[in-house]
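Visitor: Following the hints, put chains B and C in place on chain A, whose structure we already have.
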Amino acid sequence: MSETSLKGRLGALALVAPLVLFLAIFFAWPLVSMLKESVSDPVGSHAFPLTAAVAGDWDRQSEPPEALKQAFVDDLRAIDDQQLLGDAVRRLNSAQNGFRTLMSRTIRAVEEQPEGPLDLVAVDRRWADVRFWRAVADSTNPYTDRYLLAALDYERDASGRISALPAETSANTAILLRTLGIGAVVTLACALIGLPYAMLVASVDGWKRQVLLGAVLLPLWTSLLVRTAAWFILLQEQGLINDTLMSLGLIGSPLPLIFNRLGVVIAMTHVLLPFMVLPIYSVLLSIPRNLMPAAASLGAPPWRAFLRVLLPLSLRGVVSGSLLVFMTAIGYYITPALIGGAQDQMISSVIAFYAIGSANWGMAGALGAILLVATLALYTVYGRLSADRAGGR
Amino acid sequence: MPLSQSNIRFEKVSKAYGTLRVVDDLDLTIDEGEFLSLLGPSGSGKTTILMMLAGFEAPSGGTISVGSQRIDPLPPHRRNMGVVFQNYALFPHMSVAANVAFPLEMRGTPRLEIDSKVARALDMVQLGAMKDRRPAQLSGGQQQRVALARALVFEPSVVLMDEPLGALDKQLREQMQLDIRALHKRLGLTIVFVTHDQSEALTMSDRIAVFNRGKIEQIGTPREIYDQPRSRFVAQFIGETNLVEGTLAEAGDAGATVKLEGGGTIRVQPSDLRPEAGRILVSVRPERIRLGPDAASENAYPATVTDAVYHGDHLRIQLDNGAFGFVAKADRKTAEFNPGDRVMVSFAPSDCWMLPA
Amino acid sequence: MRAATLFKLLFGVLAVVFLIAPLVAILPLAFTSSVFLTYPIPGYSMRWFNELANANVWRMSIINSLIIGTGTTLLAGTLGTLAALGLRNAGLVLPGLFRTVFLLPMVVPAVVLGVGMQVFFVHLGLANSYAGVIAAHSVVAVPFVVVSVTASLAGIDRRVERAAASLGASPFTVFRRVTLPLALPGILSGAVFAFATSLDEVVLTLFVAGPNQRTLARQMFSSIRENISPAIAAAAFLFIVGTLLIAAIAVLVRRRTEKMKQPAEA
Chain A
1 MSETSLKGRL GALALVAPLV LFLAIFFAWP LVSMLKESVS DPVGSHAFPL
51 TAAVAGDWDR QSEPPEALKQ AFVDDLRAID DQQLLGDAVR RLNSAQNGFR
101 TLMSRTIRAV EEQPEGPLDL VAVDRRWADV RFWRAVADST NPYTDRYLLA
151 ALDYERDASG RISALPAETS ANTAILLRTL GIGAVVTLAC ALIGLPYAML
201 VASVDGWKRQ VLLGAVLLPL WTSLLVRTAA WFILLQEQGL INDTLMSLGL
251 IGSPLPLIFN RLGVVIAMTH VLLPFMVLPI YSVLLSIPRN LMPAAASLGA
301 PPWRAFLRVL LPLSLRGVVS GSLLVFMTAI GYYITPALIG GAQDQMISSV
351 IAFYAIGSAN WGMAGALGAI LLVATLALYT VYGRLSADRA GGR
Chain B
1 MPLSQSNIRF EKVSKAYGTL RVVDDLDLTI DEGEFLSLLG PSGSGKTTIL
51 MMLAGFEAPS GGTISVGSQR IDPLPPHRRN MGVVFQNYAL FPHMSVAANV
101 AFPLEMRGTP RLEIDSKVAR ALDMVQLGAM KDRRPAQLSG GQQQRVALAR
151 ALVFEPSVVL MDEPLGALDK QLREQMQLDI RALHKRLGLT IVFVTHDQSE
201 ALTMSDRIAV FNRGKIEQIG TPREIYDQPR SRFVAQFIGE TNLVEGTLAE
251 AGDAGATVKL EGGGTIRVQP SDLRPEAGRI LVSVRPERIR LGPDAASENA
301 YPATVTDAVY HGDHLRIQLD NGAFGFVAKA DRKTAEFNPG DRVMVSFAPS
351 DCWMLPA
Chain C
1 MRAATLFKLL FGVLAVVFLI APLVAILPLA FTSSVFLTYP IPGYSMRWFN
51 ELANANVWRM SIINSLIIGT GTTLLAGTLG TLAALGLRNA GLVLPGLFRT
101 VFLLPMVVPA VVLGVGMQVF FVHLGLANSY AGVIAAHSVV AVPFVVVSVT
151 ASLAGIDRRV ERAAASLGAS PFTVFRRVTL PLALPGILSG AVFAFATSLD
201 EVVLTLFVAG PNQRTLARQM FSSIRENISP AIAAAAFLFI VGTLLIAAIA
251 VLVRRRTEKM KQPAEA
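Residue numbers (my numbering), protein chains in the order written: chain A, 1 to 393; chain B, 1 to 357; chain C, 1 to 266.
No wet-lab data here; the hints were simulated from the structure.
Quick look at which bits of chain A chain B covers, simulated, 3 or more residues with Cβ under 8 angstroms:
1) 286-295
2) 305-313
With the Cβ distance kept under 8 angstroms, some of the chain A side facing chain B (calculated, not the full set):
3) Leu298
4) Gly299
5) Pro301
Ideal placement from N, C-alpha and C gives every residue a C-beta, glycine not left out.
Excised from the complex, chain A in its bound form (with noise of 0.2 angstroms):
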């Protein structure tokens, strides 16, 4: 390698590095302590160390051994953190039923009587059964699965087979396929409007097709916000688009269009739609001009030309469009958020519940490593196929 190659490519280096670094820390590291934390569990292991470092020992069936018995009651003794404890209490309750009257009880026989062995059966009859202990046990442990099976809703029984959650406990689920359910939807809405509106683009010129792209590419440019906010105030009881009904004599009282799943499909659709006609658009430009006289020299009528010819071609665009459009619907959160009723949340939305409503950060966690994994899914697709366009020419 010469010298001067190798001074050019530690330029190039030099040139990226920067940011390389930032998005590594910014972007990247965000990412892999949401990942932690969907996995992570560590209450019971800050709150309870001596338990843990002994937990390891005991099978999780038979007699728990006295040294966890003990362990777990020096670790109550030295505990002086009380939000710490009370996290604690919470992390168990949640795990086996009964944890808050049992642990409060047997922090006051703890505080009673500050040294020596204590007989925990003596104090609750519930230290005998071998369920408490599991859960005690199973707490200190510093990662889980149960957020991301809960996020699927499934859980882990009391001997730790993976079960599907009961019915009525089970939203999640019900989310994701009202996510994908919306998503399609948006998708196919898109998918109607935006490839006519692309052919119609691509078959004028001169001002007329300044002015249909300039269509598309005003909403584009212009704030998502803004653009919701006028769905807002279109759809609403008094809007603009019940009022002319009304004022037609069309409908007799206002249609129910906001806060509700219609008006979050005509909101999205409007928001995507250039998501769908620029791809498009972009594959019809690369279609030789003169394929469409070919066919109508070979006999081929317009209609069977268009059918053959065009639609096959122009096909590619609609499979680019409809992955990012799919791809950018099942991430929304602002759109729902503002036009959609309490039935009409989708996936981020409850992510954002759990972070900012609830701190539950395993749950927002879980939840946000299965959008994660299916958005760059939809992603790899997306970049494979215009690759193979790009290659392909």
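Guide: Chains B and C alone, transformed into the frame defined by chain A:
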């Protein structure tokens, strides 16, 4: 379509985009079975004429008919003419076989018949082995032949070709010229061939129509176009020529005499050209000029060699006789010429052609 | 044929109305004198613009947006431009990988990134700080800069730079006198994109900003959610007019650069 009397007629056809007249009041008859080339520089209107014939452009005025039937109101897909497009216009998403089958499908040909016709058409262009490939996997020459097979498979009586060989390199182009010419002979097709390459037009055509600014400058056999150009434009566009200006001094059945601008006279072959005020151009092709130590003809002039360039198969010699300059082509083996040499330039009156100034 | 043309026209008009009407419909409401965001407008006034300028929450949020937007433009603009120059360098190993990584922030759902940043910024001590919000905004703004500058660099004819070098310019002079001026439109439009991205960012702001960093977009979001008022329309009016202005400038700049290039090609 009646087969007997199916020549193509353009009558008073014009085409204008806004104020720009691309084709101006065109009258043209193309005989059945003829190979006609439309030759001209870009923008001369030749492609527009082809597009009007195929139905992709509507004439602004006039009529186009095949036999007794007017075709200008017909949409392209009902004209039944094979078209070979510039850059071929193959369908990128279909295999070679599907491309060739396309026109047959559009005509509702039964599947079995389609298969055999496609196979035959691909064999005709020697691409039987490539039938499952996509156009992008073929070379330029192969794509060209697929386009040809596709335009011929439905047995149209008229085939239109728009600069079909423009994208090929020289050797392949010459091979394809011979192939197309052979197909024309064998199938008895009427071919209308648009090109801007004059040598291509000369080698392939029965007749050539030379276009300039939307009008036909001259139409005739390749020999007529080359040997008897009727205008300065045609003389200069087809091949290379020496043009000298003069006045017609005397004309008779045996020949005419032209008095040259810079002094001297030229005897030229007889012509019925009688220009007003006697102003005239004389055209002499460089390869008809003889160079030697002595005068060998009626038209002989002393001249000085100013430059001699080696061209492989010939020498291109620049000459000056004081009054006018000449370009001559000489066999490279006959003699050596060097700048400054004094030679005699001569040419037969039968190689001198008069045209209007 | 007639019916098809008519259908095309109808579809085109309806689609354009669907795309544009919402943006147009919100504009007049910025000037309403009423406290409701509904038509018909009882009277016109500038009261909601006054509200934006004078009410504390709105004024603070506008100032915050300007501070954070400027910071994001500088940070993302610098990092993105440097990276785009590096990507253009033939000596870079694995350019495809770098390119993909630089575009990823555009792909990852904002809420997912937001959760991660919220957790991580607490560890870094960046939670509820201007620096944290600027860093977060820069992450999502930087792909736009990279794309924009890369595109304008790709448009530069390498022969022009070689010509400059052959005429005696040192590599740095070539960069300063030839490459940089030619790439400038791309850098500027990347900067505009970065600013606009920051201005419009809500989700990350929700997760990482404290009450003191409440931006205009964030304020609009909670205002629509909690107590919607025509102040929203007034803010939207400013956004839309700003967009149109920037678009007009972009078109003008492109016209000028195209004119600059034309004689060379003719």
